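Each chain sits in its own coordinate frame; assemble them with the hints.
Here is how the chains run, residue by residue.
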Amino acid sequence: MAIAALITWLVTALGGFVMLGTWISRGGHRPGGSTRLSPGLVFTHFVLAAVGLVVWIIYLIAGGDAWAWIAFILLLPVALLGFTMFGRWLSSRRNDTAESRFPMPVVLGHGLFAAVTLVLVFLVAIGVGD
Amino acid sequence: MDDAVERLRAAKRPVTPLAGWYGHPLHPVLVTVPIGAWVASFLFDLASHVVAEPQFLADGSRWLIGLGVVGAVAAAMVGFLDFLAIPGGTRAFRIALVHMSLNLAVTAAFALGFVLRAEPEAPVPPGLIVLSGLSLVALTVAGYLGGALAYRYGVRVADEATQASGYRTTTTTPDP
Numbered sequence: 001m002a003i004a005a006l007i008t009w010l011v012t013a014l015g016g017f018v019m020l021g022t023w024i025s026r027g028g029h030r031p032g033g034s035t036r037l038s039p040g041l042v043f044t045h046f047v048l049a050a051v052g053l054v055v056w057i058i059y060l061i062a063g064g065d066a067w068a069w070i071a072f073i074l075l076l077p078v079a080l081l082g083f084t085m086f087g088r089w090l091s092s093r094r095n096d097t098a099e100s101r102f103p104m105p106v107v108l109g110h111g112l113f114a115a116v117t118l119v120l121v122f123l124v125a126i127g128v129g130d
Numbered sequence: 001m002d003d004a005v006e007r008l009r010a011a012k013r014p015v016t017p018l019a020g021w022y023g024h025p026l027h028p029v030l031v032t033v034p035i036g037a038w039v040a041s042f043l044f045d046l047a048s049h050v051v052a053e054p055q056f057l058a059d060g061s062r063w064l065i066g067l068g069v070v071g072a073v074a075a076a077m078v079g080f081l082d083f084l085a086i087p088g089g090t091r092a093f094r095i096a097l098v099h100m101s102l103n104l105a106v107t108a109a110f111a112l113g114f115v116l117r118a119e120p121e122a123p124v125p126p127g128l129i130v131l132s133g134l135s136l137v138a139l140t141v142a143g144y145l146g147g148a149l150a151y152r153y154g155v156r157v158a159d160e161a162t163q164a165s166g167y168r169t170t171t172t173t174p175d176p
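Note that the protein sequences, when read in sequence, are chains A and B. With my numbering as the guide, the letters of the first sequence map in order to residues 1 to 130. With my numbering as the guide, the letters of the second sequence map in order to residues 1 to 176.
Mixed in with the good hints, there may be bad ones.
[Stated by the list, open to error] Taking beta-carbon pairs under 7 Å as the criterion, some of the chain A residues facing chain B (in silico): (1) HIS29; (2) LEU41; (3) PHE43; (4) VAL47; (5) ILE57; (6) ILE58; (7) ILE61.
The set of hints was computed from the structure by calculation and includes no laboratory data. Since this is a predicted model, take the numbers as computed values, not measurements. Don't be surprised by glycine CBs; every beta carbon is placed ideally from N, CA and C.
The following block holds chain B by itself, in its conformation from the complex (with noise of 0.2 Å):
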């Protein structure tokens, strides 16, 4: 067989089900979390500048900043994992490595984010705010790339013979 499909279907494999199982991994399941909390940071930091009392919102932004952190730690756990079941030398595992790296960067300027906020101002000031949406255009860059790795690449997605497996009709169709 082809080289590059042999490691394809290692790629495909998770390296222990604490990653999730064949087909199912873990790792999309919890970026939800981070990119949730941290989009929703940003705007009440820019709700902060409308609002009549903005206090409660620069509170919120912070709180949501460090929950994001929490699951961005997760989620760079068993994503890891899935780094690892990507053979070397090979471009996939470039972009997983600059996907990486982009996403522990980010983590890194919201916990910075978060360290600066210790005393949350209201309205939120021009340069936190400014922090965080730097980091979440690096944050939409690394998420592209985690996207080429799954739909363009396939890394943890099952084969095309289980796919299939899903448009299986019911009705036989008669032999003409």
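This is chain A alone, in the form it adopts within the complex (with noise of 0.2 Å):
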């Protein structure tokens, strides 16, 4: 299961990394870039996810529980983000921002996998499969 949420986790990345490389190349990180996502809220949420990554591959080489749970804590904000960006997006969409062009199946694909992955990490925390 713990393979299965790295697997998920990485799908999850790189339908983000499609998006994060859409908003920039469309300007939304410069100051007074056309956009409603805030640089502070997509790098927040991009960096959390990361170092969650960086801690889950650490539980997969080392073991050790407190791993597992700090990657799941770690989660939890990037969620949250993810969420706040996905209602700004949502209304922002019609208008010409700089995350009008995101594909709606990335957008949902994201999130699905995103879900998935809290899920499986959350039931690897509590020792489910054990």
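Laid out in structure tokens, this is it:
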């Protein structure tokens, strides 16, 4: 189950990279750029998810329940920020913002795989499947 | 201004301070971890065929591979941010794409090596040493391309006006 979580985490990251690339190439990160997703929101989400992924790989390599719990706790603000951005994306989609170019399947797939990852990481942390 | 120069300027700026500030990228700092760990692991593999009781080298080699994978993922995250700073459709972008793909493949190969060494055998079997050796060759090619991006094409390197500020002398030369 821990490996399954790694795979869904990597798939989620891939979707995130596609959106981040689109957003940056449209100038969303520049001051005064046309976006409703602030750079602080985007990059905090990115860095917490990235640190979480590194922690998860440490858990897979070295073991130790604490690592699994740290990864899970890191994912909570990531999910909260993700939901916030999803809400803003929905309302800014019709305007000509940097994020209006995100393909719908990538946004939905990113959210779906993220949710599955969160559940799998929680199940591993509480010891299901040991 | 020339479009190419404008695109070069974009590639010099971090997309976020998380990737390191202007003129101080984090990616070259973090890549030292996987490079050092994986090279040391390879040397441990070779040494395991030389010393009398090689089990500690086989065990150590596996841990170094794991440490390198963790460092590589961290380096990849900030490297990806620098990748996004490079405008698409350019030679620099294509080199960065190959650099990234090679390094991801190398990281996957070392992750596979880590799994295959679940119960480290000493001396380290030749097949595993070959896997590490080939991965290091690919890592060298990827590193060469990374060097080209920084030193030839100036990705995330401060502009020449900033560089020149480090060469002003404190003594003033009298006008002739």
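Status of each hint after checking the structure:
1. HIS29: holds (5 Å)
2. LEU41: For LEU41/A, the interface hint is violated, since the closest Cβ of chain B sits about 12 Å away, which is over 7 Å.
3. PHE43: holds (5 Å)
4. VAL47: holds (5 Å)
5. ILE57: Given a least distance of 6 Å, the restraint on ILE57/A holds.
6. ILE58: holds (6 Å)
7. ILE61: Status holds, d = 4 Å.
Comparing the model with each earlier hint shows a violation of hint 2 alone; every other hint is respected.
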